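Q: Got chain S; can you put chains A, W and Z on it based on the hints?
There are 4 protein chains.
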Amino acid sequence: MERLPDIHEFIPEVELHLTRVGVSGVKKVIKVNVPNFGVITWIPTIDAYIDLPANKKGVHMSRSNEAITHIIEESIEKPAQRLETLCARIAKQLLEKHDYATRSEVKMDCDYGVYRQTPVSKKRTLEMCKVMARAVAHRRNGEMKIRKMIGAEVTGITTCPCAQEVMKQFSKKRLKNKAHDLGLTIDQIEKIINLIPTPTHTQRNTGLIMIEIPEEYDVNAEDLIKIIEESMSATTFEVLKRIDEAELIKRAHLSPMFTEDCVRNMLKKIIAKFSYLPDNVVIIVRNISEESVHKHNAIAERITTLGKLRKEIGS
Amino acid sequence: MERLPDIHEFIPEVELHLTRVGVSGVKKVIKVNVPNFGVITWIPTIDAYIDLPANKKGVHMSRSNEAITHIIEESIEKPAQRLETLCARIAKQLLEKHDYATRSEVKMDCDYGVYRQTPVSKKRTLEMCKVMARAVAHRRNGEMKIRKMIGAEVTGITTCPCAQEVMKQFSKKRLKNKAHDLGLTIDQIEKIINLIPTPTHTQRNTGLIMIEIPEEYDVNAEDLIKIIEESMSATTFEVLKRIDEAELIKRAHLSPMFTEDCVRNMLKKIIAKFSYLPDNVVIIVRNISEESVHKHNAIAERITTLGKLRKEIGS
Amino acid sequence: MERLPDIHEFIPEVELHLTRVGVSGVKKVIKVNVPNFGVITWIPTIDAYIDLPANKKGVHMSRSNEAITHIIEESIEKPAQRLETLCARIAKQLLEKHDYATRSEVKMDCDYGVYRQTPVSKKRTLEMCKVMARAVAHRRNGEMKIRKMIGAEVTGITTCPCAQEVMKQFSKKRLKNKAHDLGLTIDQIEKIINLIPTPTHTQRNTGLIMIEIPEEYDVNAEDLIKIIEESMSATTFEVLKRIDEAELIKRAHLSPMFTEDCVRNMLKKIIAKFSYLPDNVVIIVRNISEESVHKHNAIAERITTLGKLRKEIGS
Amino acid sequence: MERLPDIHEFIPEVELHLTRVGVSGVKKVIKVNVPNFGVITWIPTIDAYIDLPANKKGVHMSRSNEAITHIIEESIEKPAQRLETLCARIAKQLLEKHDYATRSEVKMDCDYGVYRQTPVSKKRTLEMCKVMARAVAHRRNGEMKIRKMIGAEVTGITTCPCAQEVMKQFSKKRLKNKAHDLGLTIDQIEKIINLIPTPTHTQRNTGLIMIEIPEEYDVNAEDLIKIIEESMSATTFEVLKRIDEAELIKRAHLSPMFTEDCVRNMLKKIIAKFSYLPDNVVIIVRNISEESVHKHNAIAERITTLGKLRKEIGS
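Residue numbers (the working numbering), protein chains in the order written: chain S, 3 to 317; chain A, 3 to 317; chain W, 3 to 317; chain Z, 3 to 317.
The set of hints was computed from the structure by calculation and includes no laboratory data.
Here the structure is a predicted model, which is why all the values come from computation and not from measurement.
Any given hint might turn out to be false.
[To be verified] Cut-off 20 angstroms, straight-line C-alpha distance, at most; resulting in silico cross-link-like pairs (SDA-like, lysine to any residue):
(1) W:K228 with Z:K297
(2) S:K94 with S:R142
(3) Z:K125 with A:L128
[Unchecked claim] According to the in silico footprint, chain A covers these stretches of chain W (three or more CB under 8 angstroms from chain A):
(4) 19-30
(5) 99-111
(6) 164-171
(7) 227-238
(8) 293-302
The beta carbon of each residue, even a glycine, is placed where N, CA and C say it ideally should be.
With the rest of the complex left out, here is chain S (with noise of 0.2 angstroms):
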């Protein structure tokens, strides 16, 4: 076979540097071995790039999407134990395949489920969330370092709790109007008040950690989705009877939660949970309120390094 022209070699007619070329929404077929459940096959989808020199005009794309296939049909032969694993592996055979790049990066999303228990009835509910996955190489002096985060994405619901508040006053109020017809004290009210749950409004609530892993430590993505769920007013499930329904509300309303508390009872979990990670590993953590009252969203976040929240809750 002669060979062909090959215009990506070129020397370009604009000589700058490309932070990343690749390619985007590639979607796969991967196996991974899945606690509690097997060999499961999921279908991510994955965005892989490269950095390209100002002197070489294009990027063999191919040979990107050879290397994502390469190592997605090794996990189909033997199963990988971790989606970042994955990942990393990716990254590493993408500077592999492309000489002149030094750094790679690959993105991996991923539908995923998990088993839960209603909360009263006790039935099975495989409830679905979110995984993904990110590995960043870096070749330097002819050594490869490689960075991997690990993500999850679990929806759950929060009820305000600053409008519980402006309730309650109001349902004291309304008692204390008719307290001579119901024959009540102010005390008996205030008890009344603080006994049962009041109401507010309840949004479908998103959680969202990263978390990196350092070479030669581990991360769960499992522990990421129990961290999100217990951090929301409460989680939910696909099938509910009347009488979880009800242990769910109840629950909600006994623990009203602001977009901003959830993503600081992340913060104070992830701190507790991942103590054995070093200082310099970057935490990403969001939370999305859909809210009820309003047509638009309510978002808290925080970026920082595990060193700085140690520091700042002074443990």
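A: Here is chains A, W and Z on its own, set in the frame of chain S:
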């Protein structure tokens, strides 16, 4: 200029009629007269289709685009009163420009804003919703018939009546268990629980109405927006002071609704408001509840005619 | 456990029938037997609806979710052969669990992968597409009737025949203008232009087929995928070596097609492939061309029955 | 009116600083002066955030919304000249309304239309694109500093240079194989192939530029739109007569570009156009090619400063 080859006019290899051929996702800037606001510019997304006889290879799509552009440009000179009128004019123009077609169809979806007042602080807010218009033109025996629809989509809040009733039982039980300590009678407890709002889950809720407008009749999209707003547990606002938020939550909790209720409420109000419209008018009513206690949505829908609704409700 | 209040059973304030009430966007993990791959897990997005009589306030949505879960869990024990069989089983179960309903409807959309070979280098690639299943169950006089549909959506490439013909004229003219300098005759120029591929615009193109499956018949989604692939200018691949890419472009340029042609090609192949299916089978065929020369899409569609198609084409 | 409880002011359980807290997806109607069009209304989608100190439980989100509304309403009375000016005003107002915050951030994304002429028939068309504005305000030692960015996103067409070169080889070979029959010399074949456009794949292509605007400087979004349009193989149009389409395809095929080339072309034009801006100006340039020969996209990006670009290119 010599004649360019025109492949669209060829006999196709496979001689089969096509139901619809056209363009989708065309964005245009239009000018519309909005009540109490004056002439404003909107950017609708437009779909425009015609049918294609079996013996014609292709549609001259550029003619469809010209039809859209022509009518839109006219409206910029002379602002249209109604979005569905624009649709109908484009549908007519499509049949004029494509003389081989017997049916044309135009859809226009548009962000739209209505001024509202917050419940207590009486601040003016601009609430965004969607307005949708449709027109279908038919040519039969040289005559053209056009059917139009107008619709609106509005987001507000619902509170679940079932969970609220279960929570009422729970709160009663809780008070009864402590009745002795609190010095309350069963009768007092019943009265207390009925006096103050009981918690439940609330959700972001979107109602939609599409209604046919027969020739010589008129339907105002603003009326549809009002019907949708008034068929939910409460309307929501972009800005809410604490006192407004409390009022909104109170209202919503005093008016709990299933997604099914919202549809039925809209239908009832449609029957009342549009008593002047004939029986054969097509009605589409849908309600989507973004459940806060689930990760999925709950949906209810009725597709029918005004006549059938009138018969069912006995009016 | 004492009986919880059940608001769903109440008579609604507005006594009107509802066309469909249910859940939308439920994600589940299912196991399906995929030919040449073995049992794999997919994550379909599911919608499930029933109708609601005028005298019932609400649908017990949790029963709908349980119906879905029950059938899905069964399929995990005993992998289903077909996605539409799962849909039909859920539709049946919905009518069994909601004895007041007369109609149920289930939709399942799923990412799906098929193995293909690149045109020249013969590398195996996994090409992603979508598979969609539908089932509608009717209860009449105590009997249940179920209608099923299966569908597929595949993305490939089209090349515009009209622009290509115009470009052919242009290239001819260009050669004719220089005919003297180049020492070419008109006859030579005609032959040259017909021998080599002429440029035109190419676009990402998505074809879709939905086909009804009558009881006692069978339709394989993989066959629909093949029909869609073969009805475009060419299929595309996730990985393409330069030699494959050239072959793909050559093929695509030798087989230019309008979006209209793609639909007609699919229809013709459906008539041929499904000669064993009865006349009343419903067919939906759509093609979306993401035009590279425009910012909007071009769409063609045919909705009909097999019988009508057979009559039109005279087969 | 008695004082309502204000939970936001409480000390949170977890005392940690938050990077950003605010609202996302707020839609507003604004009035902007558009050159050669007059005052028009746009509907941007707005995100607005502030940071939150460790000792404050929550942000008064309604104040953020009021800040947005206040500035927007002002602009309705007195149409703003620039979208980024609106952003900067809102960012300033956010820090004024939230005196505990030290940083605010505002994003505004907006559909935008520019008038263009088709290449041959010289018809006026309105081409839709996006305009994005950003502003970040910092408060340090009582002083406020605001950084602004303006950006644009435009869709056009690219043609692949690599596939075109390979196709050139193919066409040459095809002619050479028939050289004897056609009566052509090798030299004639070379000249023929170089004279007429060679096929390749074309794709819908989207370029994006974001550029920082230092205080006392000015950047016009319309200039960014032009730079993006001129950095692709060709611009596209909503309406194209056959003769325009042919011209567009000719142009695109005579100017083949990788997604990498588009980014570099934009960077080069930015260096030339904004020679008056200082070195520390941040530049983000991205190009997304919706490959017609693949199901995924190809992306290239450069994130840098004007100074670095100038140094690299030696200007």
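Q: Determine for every hint whether it applies to the structure shown.
A: To see whether the hints hold, each was checked on the structure:
no.: 1; hint: W:K228 with Z:K297; verdict: 16 angstroms, holds
no.: 2; hint: S:K94 with S:R142; verdict: 13 angstroms, holds
no.: 3; hint: Z:K125 with A:L128; verdict: 37 angstroms, violated
no.: 4; hint: 19-30; verdict: holds (count 11)
no.: 5; hint: 99-111; verdict: violated (count 0)
no.: 6; hint: 164-171; verdict: holds (count 5)
no.: 7; hint: 227-238; verdict: violated (count 0)
no.: 8; hint: 293-302; verdict: holds (count 7)
Going through the hint list in order, the structure does not satisfy hints 3, 5, 7.
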